[in-house]
Amino acid sequence: MTKWYRENAPISAGNLTDEWMRLKRGSVTRRHFLGVTGLGLATAVLARQPGLFSSKAYAQDLGTTMSLATWPNYHDPATFEAFTAATGVAVEVNVFGSNEEMLAKLQAGGTGWDLFVPTNYTISTYVKLGLIDPLDMSKVPAFSQATESARFTSEGAIDGTTYALPKNWGTTGMAVNTSKIKTKLTSWKDFFEVAMTEADGRAMVHDYQLTTIGSALVSLGYSFNSIKPEELAKAEELLIKVKPHLYGINSDYQPGMRATDAWMTMCWTNDGAQLNRDMPEIAYILGADGGEIWTDFYAIPKSAANKPAGYALLNYLMSPENAVKEHIANGAPTTDSRVLALLPTDVTSNKIVYPDEASLTKLEFGAAVTLTDPARAELMARFKSA
Amino acid sequence: MTSSEVAAIESQMKPMTTDRKRHLVTAALVAPAGLWLCVFLVLPFMAMVVFAFGERAPEGGYQAAFTFAQFANLPSRAAAFWNTMMIAPAGAFLCLIVAYPAAYYLAIKSNPKYRLTLVSLVVVPFWTSLLVRTYAWMYILGSRGIPNLLGMIGIEDIRLLNTPGAVLLGIVYGYLPLMIMPIYVSLEKLDRRLLEASADLGAKPVSTFLGITLPLSLPGVMTGVALVTILLLGEYLIPQLLGGGKVFFIGNALVDLFLQSRNWPFGSAIAVTLVVVVVIVLSVAMRIAWKVSGSRQVDLV
Chain A
1 MTKWYRENAP
11 ISAGNLTDEW
21 MRLKRGSVTR
31 RHFLGVTGLG
41 LATAVLARQP
51 GLFSSKAYAQ
61 DLGTTMSLAT
71 WPNYHDPATF
81 EAFTAATGVA
91 VEVNVFGSNE
101 EMLAKLQAGG
111 TGWDLFVPTN
121 YTISTYVKLG
131 LIDPLDMSKV
141 PAFSQATESA
151 RFTSEGAIDG
161 TTYALPKNWG
171 TTGMAVNTSK
181 IKTKLTSWKD
191 FFEVAMTEAD
201 GRAMVHDYQL
211 TTIGSALVSL
221 GYSFNSIKPE
231 ELAKAEELLI
241 KVKPHLYGIN
251 SDYQPGMRAT
261 DAWMTMCWTN
271 DGAQLNRDMP
281 EIAYILGADG
291 GEIWTDFYAI
301 PKSAANKPAG
311 YALLNYLMSP
321 ENAVKEHIAN
331 GAPTTDSRVL
341 ALLPTDVTSN
351 KIVYPDEASL
361 TKLEFGAAVT
371 LTDPARAELM
381 ARFKSA
Chain B
1001 MTSSEVAAIE
1011 SQMKPMTTDR
1021 KRHLVTAALV
1031 APAGLWLCVF
1041 LVLPFMAMVV
1051 FAFGERAPEG
1061 GYQAAFTFAQ
1071 FANLPSRAAA
1081 FWNTMMIAPA
1091 GAFLCLIVAY
1101 PAAYYLAIKS
1111 NPKYRLTLVS
1121 LVVVPFWTSL
1131 LVRTYAWMYI
1141 LGSRGIPNLL
1151 GMIGIEDIRL
1161 LNTPGAVLLG
1171 IVYGYLPLMI
1181 MPIYVSLEKL
1191 DRRLLEASAD
1201 LGAKPVSTFL
1211 GITLPLSLPG
1221 VMTGVALVTI
1231 LLLGEYLIPQ
1241 LLGGGKVFFI
1251 GNALVDLFLQ
1261 SRNWPFGSAI
1271 AVTLVVVVVI
1281 VLSVAMRIAW
1291 KVSGSRQVDL
1301 V
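So the protein sequences, as listed, match chains A and B.
Position 302, counted from 1, in the first sequence is what my numbering calls 302; the numbers after and before it change by one each time, with no gaps.
In short: position in the second sequence from 1, add 1000, done, that's my numbering.
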């Protein structure tokens, strides 16, 4: 009997990829990264006999693959593995750094996404452009409107029709490596000042107009959502002044922060919680002068190729016992009191995830107009190409 | 009909049929490539030109109009154009400096027995995607890579990633084989008897190199420089990964306009401008190449 040539190899291709990813990502587990990028599932699907673990009833209706568009570091890969085991549908995960990017892809057509994760302020535009379907709630029995917090979930419904279901809420603050930066930051004003001084060459801003321009506006004392030309001009001036001092413009800032290439970044709740969990010296701070509070939703694109699988995953994610695992892994606060009741107290008492109500009062939800405002889009593009 | 008439008709027919045959063969040979280029290059380019004179729709995308506003707005991307125009030739030149000795060694000095193996080794990096190799550089240049080693000998907090230097390094690394190959080919074709003659006539090795080898390899050098420069003018990946969104090429500006601000008309205007610039750069480079090398032909690959 001849042996397959790889049987005696010291390390398999899969293990090598795993190991390399783990090194590169620092303390992010490789499972996490592979899950987020979809590589893990791809490997799992390739390695697994198709249909071995799938229940026949599901497999016939749902096909074998579906595609999810979401944000960096936003899911527990185990969730998708469990979903694949339960339904036989492999989930391909696409990661995006801004709502604009998702909108651009959907507008251009042919995304192949069956489910995606838009933020609260974008949903009205998706509906207006006819890019998403009203949800057939009979296919999502696990969702419970009664236990949802209306403050965070109201933008999922437009004129009484539900187009999107809440994933979780969160805030946009700053993550600061306190072993590198001694100045105590409390506001966005501090953020941009320190970025040009103590954190010269080490600060990151999002590759995302809403938060980058919004936070610059807040630091100048304006509204996060401003589209007034003179206020935007001031924000542009500040951003272009800061740019030479930045480490990078990227919404996937965890690798840089973990490697300590970057010492400070604009940061979303869930990333702040993940970074702080693995590296306690990284603090997550909300701007005392304002900033963003948001809810991310799940929605199904009109162009989805495999809507049944999209609904199946949506329903799977809406059931509290699955959602609770997701929330523990990704560290974002839940909108659903059923999930809140199941979460362990070390999560619910985490001030990064569930901050005091007082620190939220100055935060603003993004406004729909910022998504499509040409002046903000062009400002961001000019800032990046400056 | 007299026999002479028949002969005359036959003599007319014959060239016609061979002519037609030749045309048919030409058409058959050209058709696949022509069709391909028409569908995937000419038509999209025409769409782009049309878009370039349009307007951005309120929610982004394209809206029919006829305006020169997009072209008037080009100066707002001057920095990106400038960056590209500076870094692309600089990268090509750096590639040349690294590639020439390597190609020279491969073509002239290396043992002919191993030459083929060595030349194939130059191409080996292409077996892995440039994306993965550039990611590897992110790790090498990031804090846990070289700066970590420097930290051990007391040089703390050096930042290499997300700098123009990192982008240049990535460019030289990524495009080196494309520079080595044409130079190698032109050096390999070099007639060794010329070198011997030069030595017999008393020339020192240096003057033989400067007087014979270098001029004769210029077509390869020009081809390499043109090839690398042209590809670099449209580069997106390396500045994105190793420049951290801070070192901005025109390719990055394009991606931004289509995938973030959804300003298709302005993106099209920039793309059209880039094509025009590339054509100009190409023709100027070719013109210089003829002049310098004296040959009328510069192969592009």
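Just so you know, these hints were derived from the structure itself, not from any lab.
A couple of the hints might just be wrong.
[As the list claims (entries may be wrong)] Computed far set for chain A versus chain B, every beta-carbon distance over 10 Å:
id, residue
1, Met-137
2, Val-140
3, Glu-148
4, Ser-154
5, Val-324
6, Ser-349
[Unchecked claim] As a list, the in silico DMTMM-like pairs of lysine to aspartate or glutamate whose alpha-carbon atoms are at most 25 Å apart:
id, chain 1, residue 1, chain 2, residue 2
7, A, Lys-228, B, Glu-1059
8, A, Lys-184, B, Glu-1059
9, A, Lys-182, B, Glu-1156
10, A, Lys-243, B, Asp-1157
11, A, Lys-128, B, Asp-1157
12, A, Lys-234, A, Asp-289
13, B, Lys-1246, A, Asp-252
14, A, Lys-184, B, Glu-1055
15, A, Lys-139, A, Glu-81
16, A, Lys-243, B, Glu-1156
17, B, Lys-1246, A, Glu-193
Where a beta carbon is used, it is the ideal one built from N, C-alpha and C, also for glycine.
Hints, verified against the model:
no.	hint	result
1	Met-137	holds (27 Å)
2	Val-140	holds (28 Å)
3	Glu-148	holds (28 Å)
4	Ser-154	holds (22 Å)
5	Val-324	holds (34 Å)
6	Ser-349	holds (32 Å)
7	Lys-228(A) with Glu-1059(B)	holds (18 Å)
8	Lys-184(A) with Glu-1059(B)	violated (40 Å)
9	Lys-182(A) with Glu-1156(B)	holds (17 Å)
10	Lys-243(A) with Asp-1157(B)	holds (20 Å)
11	Lys-128(A) with Asp-1157(B)	violated (49 Å)
12	Lys-234(A) with Asp-289(A)	holds (17 Å)
13	Lys-1246(B) with Asp-252(A)	holds (14 Å)
14	Lys-184(A) with Glu-1055(B)	violated (46 Å)
15	Lys-139(A) with Glu-81(A)	holds (21 Å)
16	Lys-243(A) with Glu-1156(B)	holds (23 Å)
17	Lys-1246(B) with Glu-193(A)	holds (19 Å)
When each numbered hint is compared with the structure, violations occur for hints 8, 11, 14.
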